[in-house]
Amino acid sequence: MTVKQPNNLPDWLQQPNQLTSQPQRHNFLAHNQQHLTHLLARLAQPAPAVNPTRWQLSPSISLIRLGILVLLIALTNNTIWLWVLGLLLAGHLLVLAPSQLRRFTRSWLLSTGIALVVVLPSYWLVGPATVLLFVCKTGLILASTQYYRLTTTFQDLLSGLKALHCPNLFIMTLAVAITYLRMLGHYLLQTMMALDMRLVAPAKHPYQLIGTLFGNLFLKSHAYALELYAAMEARGFNGQYVNQPTTTNRWHDYLTLTPYLVLVVVFIFGGIYGIN
Amino acid sequence: MHIPDNYLSPATCGTLVLAVAPVWTVAVIKVKAQIKQKRETLPMLGIAASLAFLIMMFNLPIPGGTTAHAVGGTLLAVLIGPWAAVLALTVTLLLQALLFGDGGILAFGANAFNMAVIMPMVGYACYRLGEKLHHPKIGLFVGAYLGINVAALVAGIELGLQPLLAHTASGAPLYCPYGLNVTVPAMLAAHLLVAGWVEAIFTVLVYQFVHKVAPTNLYQAAAPQSRRPWLYLLGGLAILSPLGLLASNTAWGEWSPAELKQRLVAEHISQQAPQGMVQGLHFKALFQDYTIGNLPISVGYILSAVTAVLIFLLLMRGLQHDSQTTK
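Heads up: the protein sequence lines correspond to chains A and B, in order. 82 is the number that the UniProt record's numbering gives to position 82 of the first sequence; each next residue is one higher, with no gaps. 257 is the number that the UniProt record's numbering gives to position 257 of the second sequence; each next residue is one higher, with no gaps.
I should point out that these hints are in silico values taken from the structure, not numbers from a laboratory. Among the clues, some could well be false.
Footprint (simulated), chain B over chain A, 3 or more residues, beta carbon under 8 Å [claimed, not checked]:
no., segment
1, 69-80
2, 251-264
Here are some chain B residues pointing at chain A (derived, C-beta under 8 Å) [to be verified]:
no., residue
3, Leu-42
4, Leu-60
5, Ala-214
6, Leu-231
7, Leu-233
8, Gln-279
All C-beta atoms, glycine included, are put in the ideal place defined by N, C-alpha and C.
Could you build the full structure based on these sequences and the hints that come with them?
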């Protein structure tokens with residue numbers, strides 16, 4: 001009697017069966033996951049660059065300062081003026097920590113490079129002088145907005161808007177948006193990861209998957225809205241946006257704003273004396 | 001479609017902020033009324049703004065191996081209402097400009113005008129029309145496609161006008177250096193061929209899902225209000241129509257060939273009217289220049305206005321569905 005070896009597996013089970021990876025099929029899901037992870041990391045904003053205990057500016061003043069600077073850069077077509085405004089900005093950049101300065105430089109160069117690529121073909125239409133002026137102005141505007149982003153927390157932005165009498169509905173919407181951007185972002189990321197893991201059969205069309213994904217996200221956001229409103233009511237919400245008042249030295253504010261106001265005055269009246 | 005700073009002149013940016021300001025005001029009033037009926041609309045605005053942000057950063061695959069992203073203007077208008085969508089998208093654009101550097105700070109008004117006002121409003125109008133004709137999905141598809149393309153066209157016009165509006169004495173442009181002949185085709189080609197289709201398909205698929213799973217979560221438009229104020233307004237305007245006669249001169253560009261010849265001679269430009277105009281088609285209308293028989297011209301104006309209003313009202317009435325079925 002021949003003894004069968006019970007440990008022998010059938011042939012089809014001995015064949016190595018490698019799972020076919022289909023990088024093309026869900027490439028967009030992986031790509032978006034990467035994108036979203038990057039965004040969520042960016043939303044965890046770093047602390048303000050300038051030590052607030054030494055020289056704390058009120059949020060509304062820093063917002064006004066940004067507005068004046070961007071407006072002056074956009075209005076002027078004089079290279080000397082641009083140079084003066086650049087010096088002012090460079091003075092502000094000096095207070096950044098070296099690591100933050102490196103971060104600033106990296107992102108500023110990247111965004112200015114993108115602007116340059118867009119405007120470069122106009123070299124053949126309008127000549128080098130226009131392109132150069134355009135790049136200088138765009139670079140300065142980008143630098144001032146990036147400096148603002150680097151030195152201002154989201155809470156400060158809201159306080160600044162509140163101090164400048166922005167409507168409550170608008171500020172509240174902004175506050176809810178930034179809070180729930182992270183929550184919805186996390187939810188979307190988790191859903192995408194779950195889909196990526198569970199999806200064994202190809203979907204009929206990737207767009208159907210996307211429709212379901214964002215349809216679900218909307219329903220989730222509706223549920224969040226209901227919960228949030230219940231919590232707001234429970235805390236005695238009265239329709240007003242309340243935030244912590246910032247205690248700042250008014251003299252510091254005025255002192256910081258003075259060079260900008262002087263520049264505005266010189267810009268307006270300088271034309272008479274041929275300065276502008 | 002996010003216009004960065006320095007591409008539009010500060011004057012254009014200021015004008016567009018002024019153009020959007022009344023829309024924001026009406027939106028706030030309308031949304032406050034919406035909040036009274038449905039209280040969760042208040043937090044929903046903020047959450048919808050973050051949803052719009054996520055939609056804009058989600059890349060969708062398109063044929064050819066590349067990607068594009070939707071804006072979601074029409075979708076938001078259908079999900080949370082057009083006025084709430086205006087506010088939510090405005091907040092999204094502000095967030096993108098201030099925190100992520102996407103779109104300019106000075107150009108915020110222009111971006112809001114294009115993406116937070118034109119896109120949801122055009123899209124929602126098409127959707128409502130489709131709904132009235134019992135084809136909401138077709139209306140939504142057309143609305144989403146048209147909405148993004150109209151917004152792109154307006155953005156192209158805003159950019160392309162800059163060399164005409166702001167330039168040096170030598171003619172060198174101070175802001176966007178490309179003229180209308182470059183900006184409009186560039187903006188429209190990308191949106192007509194790719195982004196428009198992506199937006200339309202994305203919008204319909206998400207709408208379809210929400211409609212199937214939770215139809216009550218879709219925005220329900222309030223019952224139409226009384227039309228009496230509109231009728232009073234139209235009647236008042238018809239009565240006031242002869243006011244235009246106070247200006248005796250012909251409007252610019254509406255001259256007859258004889259008048260044009262006079263002007264050209266007076267300005268030493270030419271001794272003759274352009275041949276194309278003299279020999280072109282000269283259609284004789286039934287009530288030429290609003291004159292009806294031997295009646296005074298002011299009466300002719302009023303009768304013409306009443307005739308036009310009645311024709312349009314009859315057309316609208318004919319397109320409407322009966323509210324009650326006849327037995």
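Hint-by-hint comparison with the structure:
no. : hint    : verdict
1   : 69-80   : holds (count 6)
2   : 251-264 : violated (count 0)
3   : Leu-42  : holds, 7 Å
4   : Leu-60  : holds, 6 Å
5   : Ala-214 : holds, 6 Å
6   : Leu-231 : violated, 33 Å
7   : Leu-233 : violated, 29 Å
8   : Gln-279 : violated, 38 Å
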